[in-house]
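*Asks:* These protein sequence lines are chains A and B, in that order.
Reading the first sequence from the start, the letters are residues 1380 to 1746 in this note's numbering.
Reading the second sequence from the start, the letters are residues 1380 to 1746 in this note's numbering.
You can't tell identical chains apart in this list, so a pair holds if it fits in one copy or across any two.
Restricting the straight-line Cα-Cα distance to at most 25 angstroms, the calculated cross-link-like pairs of lysine to any residue (SDA-like) are:
no. : residue 1 : residue 2
1   : LYS1494   : GLN1692
2   : LYS1494   : GLN1695
3   : LYS1642   : GLY1625
4   : LYS1642   : ALA1613
5   : LYS1520   : LEU1385
6   : LYS1627   : PRO1383
7   : LYS1627   : PRO1386
8   : LYS1520   : HIS1630
9   : LYS1642   : THR1558
10  : LYS1627   : THR1516
11  : LYS1642   : ASN1725
12  : LYS1494   : PHE1556
13  : LYS1627   : ALA1652
14  : LYS1642   : TRP1398
15  : LYS1642   : GLY1723
16  : LYS1627   : GLN1650
FYI, nobody ran anything at the bench for these hints, they're computed from the structure.
Below are the chains, spelled out letter by letter.
Protein chains: 2
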Amino acid sequence: MTTPLLPALHNDRFLRACWRLPTDCTPLWLMRQAGRYLPEYNATRARAGSFMGLATDPEYACEVTLQPLARYDLDAAILFSDILTVPDAMGLELNFVAGEGPQFAYPVRTEADVKRLAVPDMERLRYVFDAVSTIRTALRKPGADGVERGRVPLIGFSGSPWTLACYMVEGGGSDDFRTVKTMLYQRPDLLHRILQVNAEAVTAYLNAQIEAGAQAVMVFDSWGGALADGAFQAFSLAYTRQVLAGLKRQHDGVDIPRIVFTKGGGLWLEQIAERDCEVVGLDWTVNLGQARRRVADRVALQGNLDPMVLFAQPEQVAAEARRVLDDFGPVTAGSGHIFNLGHGINQFTPPEHVSALVEAVHSHSRR
Amino acid sequence: MTTPLLPALHNDRFLRACWRLPTDCTPLWLMRQAGRYLPEYNATRARAGSFMGLATDPEYACEVTLQPLARYDLDAAILFSDILTVPDAMGLELNFVAGEGPQFAYPVRTEADVKRLAVPDMERLRYVFDAVSTIRTALRKPGADGVERGRVPLIGFSGSPWTLACYMVEGGGSDDFRTVKTMLYQRPDLLHRILQVNAEAVTAYLNAQIEAGAQAVMVFDSWGGALADGAFQAFSLAYTRQVLAGLKRQHDGVDIPRIVFTKGGGLWLEQIAERDCEVVGLDWTVNLGQARRRVADRVALQGNLDPMVLFAQPEQVAAEARRVLDDFGPVTAGSGHIFNLGHGINQFTPPEHVSALVEAVHSHSRR
Chain A
1380 MTTPLLPALH NDRFLRACWR LPTDCTPLWL MRQAGRYLPE YNATRARAGS FMGLATDPEY
1440 ACEVTLQPLA RYDLDAAILF SDILTVPDAM GLELNFVAGE GPQFAYPVRT EADVKRLAVP
1500 DMERLRYVFD AVSTIRTALR KPGADGVERG RVPLIGFSGS PWTLACYMVE GGGSDDFRTV
1560 KTMLYQRPDL LHRILQVNAE AVTAYLNAQI EAGAQAVMVF DSWGGALADG AFQAFSLAYT
1620 RQVLAGLKRQ HDGVDIPRIV FTKGGGLWLE QIAERDCEVV GLDWTVNLGQ ARRRVADRVA
1680 LQGNLDPMVL FAQPEQVAAE ARRVLDDFGP VTAGSGHIFN LGHGINQFTP PEHVSALVEA
1740 VHSHSRR
Chain B
1380 MTTPLLPALH NDRFLRACWR LPTDCTPLWL MRQAGRYLPE YNATRARAGS FMGLATDPEY
1440 ACEVTLQPLA RYDLDAAILF SDILTVPDAM GLELNFVAGE GPQFAYPVRT EADVKRLAVP
1500 DMERLRYVFD AVSTIRTALR KPGADGVERG RVPLIGFSGS PWTLACYMVE GGGSDDFRTV
1560 KTMLYQRPDL LHRILQVNAE AVTAYLNAQI EAGAQAVMVF DSWGGALADG AFQAFSLAYT
1620 RQVLAGLKRQ HDGVDIPRIV FTKGGGLWLE QIAERDCEVV GLDWTVNLGQ ARRRVADRVA
1680 LQGNLDPMVL FAQPEQVAAE ARRVLDDFGP VTAGSGHIFN LGHGINQFTP PEHVSALVEA
1740 VHSHSRR
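Pulled out of the complex, with its shape left as it was, chain A reads as follows:
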């Protein structure tokens, strides 16, 4: 590996760990770190009027993206947005129904629906790219030398082609994925066509985020683990691989690391890590030490505390965080660990328990 080109930042631990370079301690950020467990987030959301009002306004999106960084010593910011912006831009019309979660007015179910589907004009997602550049600007802070640098890197993200397809075909969330799996087993040709459109759209979407200033990108394959062995490779992995291959590897003179997270994908870790990516995210069912041996440190690993640990008392949270770090083992030359949860933080999490987590991860891993 040639030495990666890193941006000038006040804190570049996260990017260094992505590239498996030495760090002073293990970096951490939390999936859904800007969210409903924070009273300041709920206040901004109330002002915005609705979730989509929040997500589609670059100023509001910037405000909530920065909120967790004000409270906690986190090592990365992640764009505040929704996983379903791309299908919404395709014309499926995303709505949030109270107590029901996301729903599409026009799900993709019939042959005619599938034929109509096309990669959306990225201008319809301009609000996302504007949020990225607004956040990048807001992250700037002068150093002791008077030169402005970003406080921490900003991560952009998208759902994987398969995960987006789940929502697009089901029309919303699902317990059993009956509608999309019926299409998968009965009309695989239709599903492949949806996935092809999604892969092209996700590639363009992430590249536009990179151009707007995202300094790392993450693909959330939240529902990959619902697929059978064999189907996962054909309907999820293949299209995520296509996205990864199409991503800009550099922007503005720096390298852009790529993270892939397949929830429930622990059994397929070797195949996932073989993909052209720098970091693999893991959920809490995976033992990090074993995972590290399985991928032989060819990629950095991100994860994997059970978010429910945060409901224990602060000293118990700290003990569980230390256990995750010890499971990974010493970060040696050429290895990388980014501490995270194995899933998004729960909305009922006591915010002060997150402080205990951040403190424990940094102090226990300090080298």
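Position chain B against the provided structure of chain A, taking the given hints into account.
*Replies:* Quick look at chain B alone, frame taken from chain A:
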């Protein structure tokens, strides 16, 4: 392994596969094979008035247990009952709320709740054991020699200690197991006490089913896969192991095989297979050929078609069934495969597609 003692049956393929003895073809049965996808089941349930009316009446339970055997050439019957009978007998009072699933009137949450918990008098579960003996009698059929034998073996079952605890603490189903995991991380002592009571209760419950005539028993660890690595071993595996160790190994002069199914437990397969059991159930995320190599044929494997495959057309169902059989590979001396789904059959499954599945499994595997 000494040669196991098998009961005299018209069809003992299932038991032979459990003991990894040669069979003429791969046996199959389906989790939740007596269920809402069958119109005759719905008719009986309507007569019974409610789900619990059905489950608590040995005659009705027998009637629905036999229904799938009348339609399909299945190789085992499984007791029709509910997974939550044991906590109900502990006094938690099980109710089924329309559209909400099972709910307990008295969940176990406080220290006082936990202290009160005790192994129930098995007489309160007499209706289950009566159902077992009623079904065993109803399965008898004279052979060509005029001697009555069972058509197929009858499987008894229970939820695992951990899976029962999930419902007991949550008070019903859960998406994130927040309540039970909060107890796990914050008050592990309370959860261990619940699990100890559950392990003793499940052991007594399965032993009473064996005494009533169950010819194999299965432990459903439906929620084991929700646990973090480490927590799974301490809070699920340890107590399932305790149950397995306490089970009667023989009854009425025949050996009783034990099946364990941890949904989402593929990563822990070696540890699960190390347990004192004859068969390990697998969900569809696991490749059967790889699983077989990982356990080195020390146990028989049961599974693992995605139940959603049954929504495809019959010829597609047959092709997917053949793929599962081919993944396992040839059943050689000392190996055993029991075909099943990787989860319960879905209530909207077209019944005629199940015929295609049964036919494909038997014909493709015929040796």
